[in-house]
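With the hints as constraints, model all of the structure from the sequences given.
These protein sequences, in sequence, are chains P and X.
Using the numbering used here, the letters of the first sequence correspond one by one to residues 4 to 408.
Using the numbering used here, the letters of the second sequence correspond one by one to residues 32 to 282.
These aren't lab readings, by the way, just hints derived from the structure by calculation.
Among the hints, a few may not be true.
[Claimed, not checked] No farther apart than 25 Å at their CA atoms in a straight line, the calculated lysine to any residue pairs in the SDA-like style are these:
(1) Lys-407/P to Lys-174/X
(2) Lys-396/P to Arg-212/X
(3) Lys-308/P to Pro-190/X
(4) Lys-309/P to Asp-130/X
(5) Lys-107/X to Thr-404/P
(6) Lys-407/P to Asn-73/X
(7) Lys-174/X to Leu-9/P
(8) Lys-114/P to Lys-162/P
(9) Lys-190/P to Ile-370/P
(10) Lys-296/P to Lys-174/X
(11) Lys-407/P to Lys-185/X
(12) Lys-308/P to Lys-185/X
(13) Lys-8/P to Ala-221/X
(14) Lys-210/X to Val-365/P
(15) Lys-396/P to Asn-73/X
(16) Lys-296/P to Asn-73/X
(17) Lys-8/P to Leu-133/X
(18) Lys-210/X to Leu-312/P
(19) Lys-18/P to Pro-68/X
(20) Lys-396/P to Val-148/X
(21) Lys-308/P to Ala-221/X
(22) Lys-185/X to Trp-5/P
(23) Lys-396/P to Asp-243/X
(24) Lys-8/P to Phe-143/X
(25) Lys-407/P to Ser-142/X
(26) Lys-134/X to Leu-9/P
(27) Lys-237/X to Gln-141/X
(28) Lys-18/P to Asn-73/X
(29) Lys-309/P to Val-148/X
(30) Lys-270/P to Lys-407/P
(31) Lys-407/P to Gln-141/X
(32) Lys-309/P to Ala-164/X
(33) Lys-190/P to Lys-309/P
(34) Lys-296/P to Ala-221/X
(35) Lys-407/P to Gly-163/X
(36) Lys-107/X to Tyr-297/P
(37) Lys-308/P to Asn-73/X
(38) Lys-309/P to Asn-73/X
(39) Lys-296/P to Ser-142/X
(40) Lys-270/P to Val-365/P
Since this is a predicted model, take the numbers as computed values, not measurements.
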Amino acid sequence: MWLVKLSWKNIWRNKNRSMITIAAIFFAVILSVVASSLQDGIFGNLVKNIVSFYTGYIQVHKKGYWDEQVLDNSFRADRHVTRKILQVKNITAVTPRLESFALISSGDVTKGGLVVGIDPAKENDITLLKQKLVQGRYLSDNDRTVLIAQGLAGRLKLKLNDTVVLIGQGYHGVMAAGKYPIKGIVKFGSPDLNERVLFMPISTAMDLYGADSMATSYILSVRDIAKLQSTAADVQSSLGADYETMTWEQIMPDVRQHIQADTNSMKYIQGILYLLICFGIFGTLLMVMVERKYELGMLIAIGMKKGRLAVLLMLESMFTVITGCVLGILVSIPVVYYLNKYPLRMGGETAKAYEKFGFEAVFPTSIDASNFITQGLIVMGVGLVLSLYPIYKIIRLDPVTAMKR
Amino acid sequence: MQRYMKIVANIDKEPVNKETVIDAHNISKVYNPDTIPVYAVNNVHLHLLKGEFTALVGPSGSGKTTLLNLIGGLDKPDSGNIYINGVDITQLSSGELIDFRLKNIGFVFQSFNLIPVLTAKENVEFIMLLQGAGRSERDDRIKQLFRQIQLEDKLDSRPAQLSGGQQQRVAVARALASKPRFVLADEPTANLDSQSASNLLDIMAKLNKEEDITFLFSTHDQRVIDRARRVVRLVDGKIVSDSAAVATEHA
Ligand SMILES: Nc1ncnc2c1ncn2[C@@H]1O[C@H](COP(=O)(O)OP(=O)(O)OP(=O)(O)O)[C@@H](O)[C@H]1O
Ligand SMILES: [Mg+2]
Numbered sequence: 004m005w006l007v008k009l010s011w012k013n014i015w016r017n018k019n020r021s022m023i024t025i026a027a028i029f030f031a032v033i034l035s036v037v038a039s040s041l042q043d044g045i046f047g048n049l050v051k052n053i054v055s056f057y058t059g060y061i062q063v064h065k066k067g068y069w070d071e072q073v074l075d076n077s078f079r080a081d082r083h084v085t086r087k088i089l090q091v092k093n094i095t096a097v098t099p100r101l102e103s104f105a106l107i108s109s110g111d112v113t114k115g116g117l118v119v120g121i122d123p124a125k126e127n128d129i130t131l132l133k134q135k136l137v138q139g140r141y142l143s144d145n146d147r148t149v150l151i152a153q154g155l156a157g158r159l160k161l162k163l164n165d166t167v168v169l170i171g172q173g174y175h176g177v178m179a180a181g182k183y184p185i186k187g188i189v190k191f192g193s194p195d196l197n198e199r200v201l202f203m204p205i206s207t208a209m210d211l212y213g214a215d216s217m218a219t220s221y222i223l224s225v226r227d228i229a230k231l232q233s234t235a236a237d238v239q240s241s242l243g244a245d246y247e248t249m250t251w252e253q254i255m256p257d258v259r260q261h262i263q264a265d266t267n268s269m270k271y272i273q274g275i276l277y278l279l280i281c282f283g284i285f286g287t288l289l290m291v292m293v294e295r296k297y298e299l300g301m302l303i304a305i306g307m308k309k310g311r312l313a314v315l316l317m318l319e320s321m322f323t324v325i326t327g328c329v330l331g332i333l334v335s336i337p338v339v340y341y342l343n344k345y346p347l348r349m350g351g352e353t354a355k356a357y358e359k360f361g362f363e364a365v366f367p368t369s370i371d372a373s374n375f376i377t378q379g380l381i382v383m384g385v386g387l388v389l390s391l392y393p394i395y396k397i398i399r400l401d402p403v404t405a406m407k408r
Numbered sequence: 032m033q034r035y036m037k038i039v040a041n042i043d044k045e046p047v048n049k050e051t052v053i054d055a056h057n058i059s060k061v062y063n064p065d066t067i068p069v070y071a072v073n074n075v076h077l078h079l080l081k082g083e084f085t086a087l088v089g090p091s092g093s094g095k096t097t098l099l100n101l102i103g104g105l106d107k108p109d110s111g112n113i114y115i116n117g118v119d120i121t122q123l124s125s126g127e128l129i130d131f132r133l134k135n136i137g138f139v140f141q142s143f144n145l146i147p148v149l150t151a152k153e154n155v156e157f158i159m160l161l162q163g164a165g166r167s168e169r170d171d172r173i174k175q176l177f178r179q180i181q182l183e184d185k186l187d188s189r190p191a192q193l194s195g196g197q198q199q200r201v202a203v204a205r206a207l208a209s210k211p212r213f214v215l216a217d218e219p220t221a222n223l224d225s226q227s228a229s230n231l232l233d234i235m236a237k238l239n240k241e242e243d244i245t246f247l248f249s250t251h252d253q254r255v256i257d258r259a260r261r262v263v264r265l266v267d268g269k270i271v272s273d274s275a276a277v278a279t280e281h282a
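Written out as structure tokens, the structure reads:
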């Protein structure tokens with residue numbers, strides 16, 4: 004106990020130096036907590052965007068569909084396949100889609116677009132389509148109605164409850180044509196989707212295209228994003244060679260690249276931070292050891308065991324490091340919460356790049372408690388490992404040499 | 032000659048069978064043996080009895096500090112043996128030596144003896160804490176020691192608030208706090224003005240006389256040398272004269 008008291012007193016023998024060390028650790032913790040919360044937040048936000056974007060985490064198609072996206076490359080959507088997919092670990096939900104291109108017309112204006120047949124309830128579970136509704140109501144299973152994207156509606160000068168005419172090629176070359184009232188209008192961030200997509204219940208789409216019980220793709224959601232690759236591989240091997248399984252990263256490689264570039268730069272920032280912490284702590288320790296060399300030699304001379312002296316110095320570093328870390332974590336909590344509530348908004352090129360993919364360039368921080376704990380512990384660990392240096396010096400300290408002036 | 036007579040007179044008063052505290056045989060310490068060897072301590076014999084008050088004198092570089100470090104177990108001789116209380120300390124490991132020093136030897140250095148963040152009292156208490164002494168024992172001993180060094184009013188002062196002489200007195204108290212077999216002091220008065228030096232010597236002499244505490248100290252100062260009851264003179268690492276030897280010869 005007297006050792007603890009002595010170490011506490013020793014910290015305050017040079018107030019300025021201790022304050023500088025504590026402040027360095029304090030700011031390092033704040034910065035690294037914010038950086039890592041931001042990184043997590045950005046990643047999480049982007050992935051969430053992607054899922055509700057329309058691709059989902061994983062898609063299953065008939066083999067060859069991705070290269071040639073036509074109705075004839077569809078497969079029979081029976082329960083058997085769904086069950087197989089759901090049996091794969093980490094898969095939480097599956098929903099079928101029947102997608103095809105068609106001419107979409109209001110009578111006066113006609114445009115090419117993508118008609119997507121969906122299972123309304125399951126689709127919403129995975130891609131949160133209902134949240135994109137800006138007008139009208141969401142689809143139900145046997146509706147012979149459609150949801151139209153806002154941009155497309157504008158081009159066609161269509162309003163809620165107007166009728167839209169669809170003309171296209173159905174399954175095996177049959178003629179597909181139909182008239183449907185607009186039940187709701189949805190808005191997508193991606194200009195590409197917003198200008199060309201139209202949803203209807205999958206049964207209605209089957210009728211339209213003459214593709215009874217067929218689907219062009221299954222959209223899958225997963226529990227743990229980190230296991231995306233292995234989960235996709237499991238699905239593939241469970242379904243066999245007649246199907247192709249793709250992750251969102253394969254479907255949208257450019258988005259993936261952007262996310263990776265951004266996370267990498269965050270990692271560099273963190274690396275530099277850790278280095279700064281190391282230098283700061285180590286510099287202080289070096290100064291302490293030089294300054295107190297005589298005194299430490301004297302303590303050994305009068306009979307203080309090296310082990311005890313090492314404990315004393317360890318306690319001093321621990322007090323400093325822990326004080327800095329705890330203060331840093333305490334202050335970073337409100338900072339991170341603030342940045343979660345009022346997220347950073349990117350401008351310029353980055354913003355444009357993200358908007359091209361249909362994401363808002365808004366980066367909220369993650370308020371996951373593990374970030375505070377992990378970063379705090381990392382800084383503390385670095386500090387404590389570095390405090391082993393004085394112990395090494397103490398073990399080698401010779402009192403006669405140390406006390407020579 | 033008159034001085035020797037005085038010492039002889041003193042020595043005559045000593046009881047005959049005094050216990051040996053330090054017995055150094057043939058000790059040598061050579062620096063830079065491979066390049067230009069410096070015989071800092073050269074084949075020295077030194078025998079110290081309990082209650083002696085001995086000055087180690089000699090010109091600068093004569094080996095006083097080196098000899099004190101060897102006797103104090105801070106440094107190891109290249110040859111020879113040093114028996115303290117029957118234990119050959121040249122055979123102890125450096126870890127064992129630390130413990131041995133704590134239990135058997137009190138140290139007073141030239142300056143900066145004290146831990147700056149602790150008060151005078153805490154500095155003295157420190158060594159007893161290292162020894163694991165209990166609360167009441169520590170309190171009693173501190174009271175007694177501060178009375179002996181005449182600093183009862185400075186218990187709670189930090190070293191920086193004490194004069195150099197007062198700091199050295201606290202250092203003496205700390206050296207004694209562990210109840211050592213003897214106290215080694217390397218030029219304890221070197222940084223003190225003559226008044227403080229004589230004051231410190233008074234206290235050391237009194238402790239020696241009243242408590243039979245053994246002191247071995249090195250010094251340059253003739254006034255300090257005059258206060259010693261035995262004077263050992265070193266030149267180039269060799270003992271060239273020892274008043275105890277002279278005294279016994281004359282006895
Ligand atoms: N670490 C060392 N390496 C080399 N030579 C040393 C070392 N320490 C002491 N010496 C040499 O040993 C000799 C004795 O030194 P020492 O310090 O014991 O003398 P001293 O009598 O205490 O002198 P002073 O009165 O100046 O304190 C000197 O010649 C010194 O240069
Ligand atoms: Mg010396």
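Here's how the hints hold up against the structure:
no. : hint                   : in the structure
1   : Lys-407/P to Lys-174/X : violated, 33 Å
2   : Lys-396/P to Arg-212/X : violated, 31 Å
3   : Lys-308/P to Pro-190/X : holds, 23 Å
4   : Lys-309/P to Asp-130/X : holds, 10 Å
5   : Lys-107/X to Thr-404/P : holds, 13 Å
6   : Lys-407/P to Asn-73/X  : holds, 21 Å
7   : Lys-174/X to Leu-9/P   : holds, 22 Å
8   : Lys-114/P to Lys-162/P : holds, 16 Å
9   : Lys-190/P to Ile-370/P : violated, 28 Å
10  : Lys-296/P to Lys-174/X : violated, 31 Å
11  : Lys-407/P to Lys-185/X : violated, 29 Å
12  : Lys-308/P to Lys-185/X : violated, 28 Å
13  : Lys-8/P to Ala-221/X   : violated, 33 Å
14  : Lys-210/X to Val-365/P : violated, 73 Å
15  : Lys-396/P to Asn-73/X  : violated, 32 Å
16  : Lys-296/P to Asn-73/X  : violated, 29 Å
17  : Lys-8/P to Leu-133/X   : holds, 21 Å
18  : Lys-210/X to Leu-312/P : holds, 22 Å
19  : Lys-18/P to Pro-68/X   : violated, 46 Å
20  : Lys-396/P to Val-148/X : holds, 22 Å
21  : Lys-308/P to Ala-221/X : violated, 28 Å
22  : Lys-185/X to Trp-5/P   : holds, 21 Å
23  : Lys-396/P to Asp-243/X : violated, 39 Å
24  : Lys-8/P to Phe-143/X   : holds, 21 Å
25  : Lys-407/P to Ser-142/X : holds, 12 Å
26  : Lys-134/X to Leu-9/P   : holds, 22 Å
27  : Lys-237/X to Gln-141/X : holds, 20 Å
28  : Lys-18/P to Asn-73/X   : violated, 47 Å
29  : Lys-309/P to Val-148/X : holds, 20 Å
30  : Lys-270/P to Lys-407/P : violated, 47 Å
31  : Lys-407/P to Gln-141/X : holds, 11 Å
32  : Lys-309/P to Ala-164/X : holds, 19 Å
33  : Lys-190/P to Lys-309/P : violated, 71 Å
34  : Lys-296/P to Ala-221/X : holds, 21 Å
35  : Lys-407/P to Gly-163/X : violated, 29 Å
36  : Lys-107/X to Tyr-297/P : holds, 19 Å
37  : Lys-308/P to Asn-73/X  : violated, 30 Å
38  : Lys-309/P to Asn-73/X  : violated, 31 Å
39  : Lys-296/P to Ser-142/X : holds, 14 Å
40  : Lys-270/P to Val-365/P : holds, 19 Å
Figure legend: structure checked against the earlier numbered hints; hints not met, in rising order: 1, 2, 9, 10, 11, 12, 13, 14, 15, 16, 19, 21, 23, 28, 30, 33, 35, 37 and 38.
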